[in-house]
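Asks: As a plain string of letters, each chain reads:
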Amino acid sequence: MKIAALVLMSATLLSSQTAAGQTVSPHVKLPPYTRQVLPNGAVLNVMPRKDVPLITMSIVFKGGAEADPAELPGLANVTAEAIRRGTAKRTAEQFAQELDSLGGAFESGADLQSLRVDAEFLSKDLAAGLDLVMDAIRNPAFPEAEIKKVVAQHVDSAKGAKDNPSAAAGLYFRSFYYGPSHPYGRPADELSYARITRKDVADFHKRMFAGRNMIVAVAGDLDPATATKLLVDAFGAVRAGEAYPWKQAPAAQAKATRVAVVDKPDATETQFLIGQPGIERTHPDRVPLWVVNTIFGGRFTSILNDELRVNTGLTYGASSRMDQFHLPGRITIASFTRTETTGKAVDVALSLLRTLREKGISAEQLASSKQYLKGTYPADRLETPDQLVEILTEIELFDLNRGEVDDLFSRIDAVTLDKANEVIKKYYGSGNLTFLLLGNASAFDAELKKHAPVVTRVPISDPGFRVAP
Amino acid sequence: MRTLVAHAAALLLLFPALLAALDPKGVRTFTLANGMKVIVEEDHDIPNVAMYLFYQVGSRNERPGITGISHFFEHMMFNGAKKYGPKQFDVEMEKAGGSNNAYTARDVTVYTDWFPRTALRLMFDMEADRIQYLSFDPKIIESERGVVASERLTRTDNNNFGLIYEQLNAAAYTAHPYGWPVVGWPSDIQAWSMEDLKAHFKMGYAPNNCLMVVVGDVSFDEVQKLAKEFMEPIPRQQPPPAVRTVEPPQLGERRVSVVKRSELPYQLVSWHVPKASHADIPALQVLSAVLSEGRSSRLYSRMVDREQLALSASAEVEQQLDPGQFLAYVRPRAGVDTAKTEKVLFEEIERVRTAEIRADELRKAKNQLLTQFYRQMKTISGRANQLGTAEIFLGSYEQMYGTPSRFEAVTAADVLRVAKQYLGPNQRTVATLIPEAAK
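These protein sequence lines map, in sequence, to chains E and U. In terms of my numbering, the first sequence is residues 1 to 469. In terms of my numbering, the second sequence is residues 1 to 439.
Do not take every clue at face value.
Now the in silico label distances, taken between C-beta atoms and shown as ranges [said to hold, decoys possible]:
hint, chain 1, residue 1, chain 2, residue 2, range
1, U, LYS260, E, VAL454, 42 to 52 Å
2, E, GLU280, U, TYR133, 31 to 41 Å
3, U, ASP221, E, LYS89, 31 to 41 Å
Here are a few chain E residues that sit away from chain U, every Cβ distance over 12 Å (derived from the structure) [as the list claims (entries may be wrong)]:
hint, residue
4, PHE121
5, GLY160
6, GLN253
7, ARG402
In case anyone wonders, no lab produced these hints; they're calculated from the structure. Here a beta-carbon is modelled for each residue, glycine too, at the ideal position from N, C-alpha and C.
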């Protein structure tokens with residue numbers, strides 16, 4: 001018996017019962033669930049939640065887009081889509097027909113760190129739904145004709161991304177910030193998708209869809225004993241294979257301030273992103289940085305939104321976002337403004353960054369941010385089975401533990417003003433900045449020269465999202 | 001009535017959990033002396049509350065020259081009142097652990113507050129303050145005008161879908177206010193005067209024109225007590241005048257195009273359908289599911305999968321106070337002639353107008369609509385929105401619980417009848433975004 005079943009008991013959310021009190025809940029805890037490691041290495045989490053009669057499951061394979069071979073960005077995406085397009089038992093049409101007849105949902109895709117399947121079925125249909133999910137995961141046939149279709153659709157989607165300026169700016173920015181030698185710096189485009197063959201997909205599936213590389217979380221209106229038996233049988237049958245070795249790379253670090261403009265001559269609005277080095281998902285500064293970034297650009301009253309939107313009316317929204325992966329991510333200022341006010345909006349954002357670095361934050365700002373994060377967290381992360389399976393898989397994906405939830409509020413409480421200001425000095429405006437703007441370049445690129453001697457210009461009509469300095 | 005009851009009984013056998021999970025008895029309501037109605041559902045799963053305020057004012061209550069003004073108030077409501085000055089609504093709310101948003105539609109403007117239960121009293125205080133005493137500072141108005149202009153630039157003028165959707169509505173409605181965009185025409189955004197703003201606020205923002213829905217970690221009694229304390233003293237006002245204009249029947253196809261630099265084309269087609277509370281709406285929803293819900297649906301399987309003509313193809317029924325539209329959205333593949341996608345779309349529409357859908361398609365659509373309904377019920381905010389929407393658009397919040405049985409009662413003959421009646425070629429409007437090659 002190699003199955004180590006560990007029952008993690010806890011109270012559910014402890015809500016503050018003080019009538020009209022001034023504080024939010026003193027802490028939150030993950031609801032009870034079981035976690036076990038199956039003989040093939042797969043981790044299975046099961047969490048009963050009585051609410052609506054649905055069961056939600058997430059099956060996560062470590063790796064995702066960072067596991068794409070350097071010359072084949074997009075392979076994880078294409079593979080995720082192709083698993084439902086014909087299996088040993090079903091054609092793509094039959095798969096769709098059965099799924100839709102159950103009223104079920106089946107979404108598969110890849111992000112930078114994982115390839116995931118998210119499925120949902122009526123509770124009474126768990127066995128039938130699981131049969132579909134396992135068929136896609138274990139027995140995809142990858143018919144040549146279906147792979148061709150998937151590839152062609154992805155080629156057009158990549159082109160179509162340029163019709164969405166905000167999404168396109170994000171892809172160019174990723175490529176510019178990390179650069180093509182970094183595993184995060186190669187967004188898939190129409191050229192890379194077009195190179196993907198059936199053999200690439202089948203090989204990728206064989207390598208990545210392995211028990212040792214698999215995290216499963218299931219939550220919803222289920223009977224734990226019956227459901228767990230079904231799930232253990234199903235996911236335990238996946239080939240053990242090899243665990244995915246995470247990519248290593250030196251931290252992306254600009255040697256000097258870099259500015260690039262993606263030229264879209266018909267744009268009447270400019271998207272702009274300003275990035276600086278951030279942290280990896282497990283970094284000990286993650287909670288203090290989250291508290292600080294909320295004040296700078298993570299909520300409506302944030303410093304960025306308050307000035308760029310509320311005080312000056314330059315934009316509909318301005319934010320600072322953090323992304324956190326196995327390797328260090330970025331802290332990115334993001335906003336947009338009409339073409340004529342591009343230079344001004346960028347200047348305002350930079351001056352706010354400078355002021356934050358020089359002056360830090362106040363005790364009042366810190367207290368407000370802490371309350372905000374604690375008050376919004378339960379509804380943002382712990383309310384629905386979908387949110388709960390997301391947390392459970394995230395804990396496994398980054399080798400964290402349930403302290404990510406159970407100790408979160410005490411970690412937030414522990415952020416002192418000194419610590420917050422120390423984190424600001426360490427991360428905000430300390431490194432060289434990377435600017436990416438997408439808009440009508442000739443209307444504003446002269447104004448950018450003061451930030452960097454060379455402004456790289458890329459026509460949006462060039463294929464792909466490469467920004468070569 | 002007999003068939004409806006029989007279907008309801010069958011549903012109970014199929015989904016015994018339905019009653020336990022979705023019991024209208026868990027919901028209670030009261031109406032204040034000033035006419036404000038409040039719907040309360042206690043749910044103690046998480047220590048949070050969703051408070052939704054539905055004002056029955058939207059772009060439908062505007063006129064040429066002031067289009068977009070309802071949406072502008074959605075912004076101005078956060079810019080200060082008497083007790084809580086500029087920025088204070090957001091500052092105090094976030095400090096108390098809450099967050100908010102708001103949306104404006106053609107028929108309603110909805111303020112959505114999410115907060116820990118400890119902030120309940122504060123929220124009543126702040127909501128009451130801004131209904132009664134919103135301030136009109138000229139400087140703030142000018143700044144907020146810029147914000148709304150930016151919102152329009154990003155969501156409409158620099159967004160292919162936003163642009164073509166606006167043109168579609170402008171062509172589909174020749175008389176009714178649904179023809180102008182909720183965000184407003186650019187020239188109107190620049191032109192609202194102080195008098196326009198004050199008059200519009202007085203028209204829309206009164207307790208008797210507001211429905212409040214509170215779902216979450218509260219007790220009915222405390223909500224009632226707070227509502228009496230903060231909301232009841234606010235005087236009622238004359239409600240907005242009735243919207244008298246009725247869109248005349250469409251007598252022939254209308255076509256509109258936008259030529260724009262773009263990678264891919266876009267195509268939208270609409271047909272006029274009745275208002276949300278009309279008995280034909282559930283059959284139209286089943287029809288839209290048959291056409292486009294899931295990959296085995298008729299439009300997806302043919303246009304996206306088999307014939308590789310489109311990246312996406314979907315259908316939707318609008319549900320509004322006045323007659324809305326049945327919409328089809330097609331995103332053609334690169335290099336595919338939009339005449340071809342249009343032809344195939346119309347062939348599929350003709351199929352549902354000439355023969356009944358199969359029994360298995362009907363069953364599948366009902367299952368899909370049922371699970372969709374459950375998905376909307378998962379969160380306190382989802383339920384607050386659904387309860388309020390049912391109360392306003394279907395006449396009673398209790399109608400929300402009847403959603404599954406309304407779908408269950410639809411027959412294949414109903415679907416054929418509504419397709420024949422509403423989706424005729426003379427009643428459609430076709431809007432196409434045509435990519436202009438880069439020079």
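Asks: Determine whether the non-interface label on E/GLY160 survives the test: each CB of chain U must be over 12 Å from its CB.
Replies: violated, 5 Å
Asks: Do U/LYS260 and E/VAL454 keep their Cβ atoms within the hinted range of 42 to 52 Å?
Replies: violated, 32 Å
Asks: Examine each Cβ of chain U, and state whether all of them lie more than 12 Å from the Cβ of E/ARG402.
Replies: holds, 17 Å
Asks: Regarding the assertion that E/GLN253 does not contact chain U, is the least Cβ-Cβ distance greater than 12 Å?
Replies: Holds: least Cβ distance 32 Å, greater than 12 Å.
Asks: Kindly confirm whether 31 to 41 Å is satisfied by the beta carbon distance between E/GLU280 and U/TYR133.
Replies: Cβ of E/GLU280 to Cβ of U/TYR133: about 49 Å, so the range 31 to 41 Å is violated.
Asks: Do the beta carbons of U/ASP221 and E/LYS89 sit within 31 to 41 Å of each other?
Replies: violated, 56 Å
Asks: Test the statement that E/PHE121 is away from the interface with chain U: the closest C-beta pair must be farther apart than 12 Å.
Replies: Per Cβ check, E/PHE121 is inside 12 Å of chain U; nearest 8 Å; violated.
Hints 1, 2, 3, 4, 5 from the earlier list are contradicted by this structure; the remaining hints agree with it.
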